[in-house]
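Asks: Model the placement of chains A and W on the given structure of chain U, informed by the hints.
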Amino acid sequence: MSHNGSTAPGTQVDLQGISKRYGSFLALDDVSITIEPGEFVTLLGASGSGKTTLLRILAGFLQPTSGLITLDATDVTRVPVYKRNIGMVFQNYALFPHMNVEKNISFPLEMRKVPRARRDELITGALRAVHMEDFRRRLPRELSGGQQQRVALARAIVTKPSILLMDEPLGALDRRLRESMQIEILKLSRELGLTVVNVTHDQEEAFTMSDRIALLSHGRLVQYSTPAEMYEKPNSSLVAEFVGESNVFRSDELVTDRSRVEIKGDTWHVAAEDGLERLSPGDRPVVIVRPWSISLTDAADKTTVLAEGGRSHLEGTVSAVIYAGESRKIIVHGGGDDRRELIVRQPIETELNVAVGERVLAHWPSVKNLLTKEHAA
Amino acid sequence: MRPSKFTIAFGILLAIFLVAPTIIVTVTSFSAGEIIQFPLKEASLRWYEEILTDRGWLQAFGNSLLVGLFAALLAAVFGVSIAFMAARGTAVPRRLIVNAGIGPILIPVVVIAIGIYMVFSRLGLGGDVPSLAIAHSVIGIPFVFINSLAAFAALEENVEDAALACGASRAVTLFRIVLPQIAPSVLVGSLLAFGSSWDEVIVAQFLNTPGFRTIPVVIWGQMREGIQPSTAAVGTLLTLISMVVFIVIALVNLNRGRRRQGVA
Amino acid sequence: MNFWTLAGLPGIVFLGAVFGIPLVLIVIRSFTDPGPENYLEIFTNERYLGSILRTVGMSLTVTLVCLVLAYPYAYLMARSSTFVKLLLGAMLLTSYWTSSLVRTFAWGAILNNTGIINQFLQDLGVIDQPLPLIRNMFAVFVGMTHVLLPYAVLAIYATLRTIDVDLERAALGMGARPVKAFWRITFPLSLPGVAAGAILVFVIGLGFYLTPMYLGGPGQELVSEMVAREVQDFLRPGRAAALSVVLLVFVGLILVIATRFVGLGAIVGNAAIDGRKNAAK
Chain U
1 MSHNGSTAPG
11 TQVDLQGISK
21 RYGSFLALDD
31 VSITIEPGEF
41 VTLLGASGSG
51 KTTLLRILAG
61 FLQPTSGLIT
71 LDATDVTRVP
81 VYKRNIGMVF
91 QNYALFPHMN
101 VEKNISFPLE
111 MRKVPRARRD
121 ELITGALRAV
131 HMEDFRRRLP
141 RELSGGQQQR
151 VALARAIVTK
161 PSILLMDEPL
171 GALDRRLRES
181 MQIEILKLSR
191 ELGLTVVNVT
201 HDQEEAFTMS
211 DRIALLSHGR
221 LVQYSTPAEM
231 YEKPNSSLVA
241 EFVGESNVFR
251 SDELVTDRSR
261 VEIKGDTWHV
271 AAEDGLERLS
281 PGDRPVVIVR
291 PWSISLTDAA
301 DKTTVLAEGG
311 RSHLEGTVSA
321 VIYAGESRKI
331 IVHGGGDDRR
341 ELIVRQPIET
351 ELNVAVGERV
361 LAHWPSVKNL
371 LTKEHAA
Chain A
1 MRPSKFTIAF
11 GILLAIFLVA
21 PTIIVTVTSF
31 SAGEIIQFPL
41 KEASLRWYEE
51 ILTDRGWLQA
61 FGNSLLVGLF
71 AALLAAVFGV
81 SIAFMAARGT
91 AVPRRLIVNA
101 GIGPILIPVV
111 VIAIGIYMVF
121 SRLGLGGDVP
131 SLAIAHSVIG
141 IPFVFINSLA
151 AFAALEENVE
161 DAALACGASR
171 AVTLFRIVLP
181 QIAPSVLVGS
191 LLAFGSSWDE
201 VIVAQFLNTP
211 GFRTIPVVIW
221 GQMREGIQPS
231 TAAVGTLLTL
241 ISMVVFIVIA
251 LVNLNRGRRR
261 QGVA
Chain W
1 MNFWTLAGLP
11 GIVFLGAVFG
21 IPLVLIVIRS
31 FTDPGPENYL
41 EIFTNERYLG
51 SILRTVGMSL
61 TVTLVCLVLA
71 YPYAYLMARS
81 STFVKLLLGA
91 MLLTSYWTSS
101 LVRTFAWGAI
111 LNNTGIINQF
121 LQDLGVIDQP
131 LPLIRNMFAV
141 FVGMTHVLLP
151 YAVLAIYATL
161 RTIDVDLERA
171 ALGMGARPVK
181 AFWRITFPLS
191 LPGVAAGAIL
201 VFVIGLGFYL
211 TPMYLGGPGQ
221 ELVSEMVARE
231 VQDFLRPGRA
241 AALSVVLLVF
251 VGLILVIATR
261 FVGLGAIVGN
271 AAIDGRKNAA
281 K
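From first to last, the protein sequence lines stand for chains U, A and W. Read left to right, the first sequence gives residues 1 to 377 (my numbering). Read left to right, the second sequence gives residues 1 to 264 (my numbering). Read left to right, the third sequence gives residues 1 to 281 (my numbering).
Incorrect hints may have been included.
[Stated by the list, open to error] Derived EDC-like pairs: lysine to aspartate or glutamate, alpha-carbon spacing no greater than 20 Å straight-line:
1. U:K368 <-> U:D274
2. U:K83 <-> A:D54
3. U:K264 <-> U:E341
4. U:K264 <-> U:E121
5. U:K264 <-> U:D202
6. U:K329 <-> U:E308
7. U:K373 <-> U:D202
8. U:K103 <-> A:E50
9. A:K41 <-> W:D123
10. U:K264 <-> U:E308
11. U:K103 <-> A:E225
12. U:K160 <-> U:E121
13. U:K368 <-> U:E229
14. U:K302 <-> U:D283
15. U:K160 <-> A:D161
[Said to hold, decoys possible] Per the computed footprint, the stretches of chain W lying under chain A, defined by three or more beta-carbons under 8 Å from a beta-carbon of chain A, are:
16. 6-17
17. 63-77
18. 81-95
19. 101-114
20. 243-255
[Unchecked claim] Away from chain A, derived, C-beta distances all over 10 Å, residues of chain W:
21. I21
22. P34
23. F43
24. R54
These are computed hints drawn from the structure, not numbers from a lab. C-beta: ideal position from N, C-alpha, C; glycine also.
Extracted from the complex, chain U is given alone in its bound form (with noise of 0.2 Å):
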């Protein structure tokens, strides 16, 4: 895969503070992001957070109530979409259906007064990139929906655009293409060094693509860091909720000193230690466990497995086990007064050593718990 001239530097890209307001409803609140030359970024967030409204102010489409735009320190704030030099790509392929493949990456280089001469060679180097030479001729209704998005992805890029905006581009495709597309896109962008701003509410997409996310709720940003990062160190209890199965504890009973929170229900006791650093005073703690973090063992063997300390546990009973592709979910269930249910995950390789209705103990290390605050909504 080879695209000459590919070393077009992407372009740094600063939201300042954008909010935009459609009469009483405050789509976006005071959004601010920093996007550096030639990074993947990912705007994550469900339907109704304002992602798409972010990407579209950030195109041209809309205007922003306040705020600021800079591409590369220029201000293009009020520049209309035609006038900024992007490339972008959309849920529905958006290609132009009265016009053939090769017809459709040549407009953007018409609009953009890139000569007749040197057209020809560009777009032949876009279809190569993304491996769609033999079908110059054919009309979008005349292919695939991945080839389709194939075309869209080389007119998005053609022109070497200083930044590639992404609407939620895969969602319209069946899983198994979109895991290869996801490795395309990234490997081409990352070739081009385009920056790029990609929408999606699937996590999974973003953590696979992206060099930061910007995890969006209600129109604010919630946390605006790597993935890495957002998986273990979550700022608030929805960022941890939103990027990747938890099991949340919650409890008015909490005993917190400087170095350790321990909370604990009627049949479960956790306590964490790190990331105390990012509460503040009145923040109220809440301790993550990721399913796949816990064991499970005999409820007999309790004492021997909770000796050596540290920690956390939860007694209770198998209600299901439910097998999903590569893993095994088992849902434990601690009873009590507050109905705690547990979620654990297995690799399907592992034998199961329980069974439903058994009474077992879920166990893991306290150092797995992740500490952040509830989320202030």
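Replies: Coordinates of chains A and W only, in the frame set by chain U:
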């Protein structure tokens, strides 16, 4: 439920009732005699020969054709324009624009005719191709409007966004991306507009002068003086052209690969 | 004002000038030429009142008859074998695309005293004197029904063909007899099409001009004809304007009421424009 034999028989009788007038006019146009006869006793082309060599008829034919084409063109331009506003405009409620765009075909033609007549006579307009074409375009606009609005509704707005992102201005997007996509519908609407002008009598009658007549106006004049086989021959030609228009519409629709969108 | 509103301005301005201004002028003139007494005259003079009632009555009758005739025809077009479907469709469209002027002319030739029917019956010796088939309301009724029938068929057909045949099959599978399946399933589902057809035919019928003028008898004018004659024969454009306003208000009221139940697009044969524009996603 499969229709019964009885229903089929009824349908065929009704179909005969529907086409009888067309067939009778066509057949009698080949009459050799001076009066209308059906069935025909002797066939000839004398009436066609008469009209096709008559300067008056040929002139009227030319007038009708020019008025129809010009009216269709005006209807196309302005009908599409109104459809833009109805589909994507934000300044005026869509409902109002739709009412305005459809209005002219639901309002009695005679009202449009006297209204335009009153305005045009003040301005000294009438009695020529442009003024009748302008008047007829009003009747034609709804056909273009309805068809292009329907086509508009089926467009994906993302495609236009994509064009803007490619660096095309709004105007370029309109001409290079939007119009080509809805072109078949605009064409169908324009053909319908042509058809509506082609056999329109009432407005044309108000705006005619002895020196400027369209075919329908001449036929209408003849009809009121008494039926002649030459009227049948002209009527047959008039119908023939309408049929050609219809066949073109059918072909465009077929080509569009979609189900036909209302003929009204 | 966004771009599309701007793009729509030429059309709106043109329509306003050539359609809007004339309508406004008609309204003004109806009150000023010579004055509001135009309306008094219309609502007290037997000639105008009679014509209005005749127009409404005729249009209603034609609408009802059209619906009764059109429904089975549309049903056949929607549910028959391809051959019957094509045959009926071709004949319907032939009629539809024959100019209404030519069709009216043809009905004259058919119904005249020396016309096809009378000649035929006289040749057979069934009658001595020609039957009075023309210059009366009967002729007007036949002519109008003939011209308007295709509109009704197309409106009903547009709805019928969207009704899944499987619905009827399902009803039959549940033990309904065919007739019952039709009346309980298909017919209720087709009512929007029937309503759209009824409104369209009724409204167009109110404005009919050529057919009543050519086939009708003296003293039996419908409103459109009266409007034209006030201008052309009696040189009373104010009266014509007032009569037009009455006609317009009536048509307008009907459409206002009708569009509470059926979309304007469905009435004129294109339901696609009724909904809000399709969201792309």
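Asks: Report holds if the minimum CB distance from W:R54 to chain A is greater than 10 Å, and violated otherwise.
Replies: Correct as stated: the minimum Cβ-Cβ distance to chain A is 15 Å, above 10 Å.
Asks: Would the pair U:K264 and U:D202 pass a check requiring their Cα atoms to be no farther apart than 20 Å?
Replies: Outside the cut-off at roughly 33 Å; violated.
Asks: Between U:K302 and U:D283, does the CA-CA distance stay at or below 20 Å?
Replies: Violated, at roughly 33 Å.
Asks: Against chain A, does the region 81-95 of chain W show at least 3 residues with beta-carbon separation below 8 Å?
Replies: With 8 residues in contact (Cβ-Cβ under 8 Å with chain A), the coverage given for the region 81-95 of chain W holds.
Asks: Closer than 8 Å, Cβ to Cβ, for at least three residues: run that test on the region 101-114 of chain W against chain A and report holds or violated.
Replies: holds (count 12)
Asks: Can the region 6-17 of chain W be counted as covered by chain A under the rule of three residues or more with Cβ-Cβ separation shorter than 8 Å?
Replies: holds (count 8)
Asks: Take the C-alpha atoms of U:K83 and A:D54, compute the straight-line distance between them, and say whether it is at most 20 Å.
Replies: violated, 62 Å
Asks: Please verify whether U:K103 and A:E225 have alpha carbons no more than 20 Å apart.
Replies: Violated: U:K103 and A:E225 sit about 61 Å apart, past 20 Å.
Asks: Three residues or more, CB to CB closer than 8 Å: is that satisfied between the region 63-77 of chain W and chain A?
Replies: Contact hint for the region 63-77 of chain W vs chain A: holds, 5 residues under 8 Å.
Asks: Run the distance test for U:K264 versus U:E308: straight-line Cα separation, threshold 20 Å.
Replies: Distance of about 19 Å is within 20 Å: holds.
Asks: W:F43: least C-beta distance to chain A exceeds 10 Å?
Replies: holds, 18 Å
Asks: With a C-beta cutoff of 8 Å, work out whether three or more residues of the region 243-255 of chain W approach chain A closely enough for the coverage to hold.
Replies: It holds, with 5 qualifying residues against the three required.
Checked against the numbered hints listed earlier, the structure breaks hints 2, 4, 5, 6, 7, 8, 11, 14 and 21; every other hint is satisfied.
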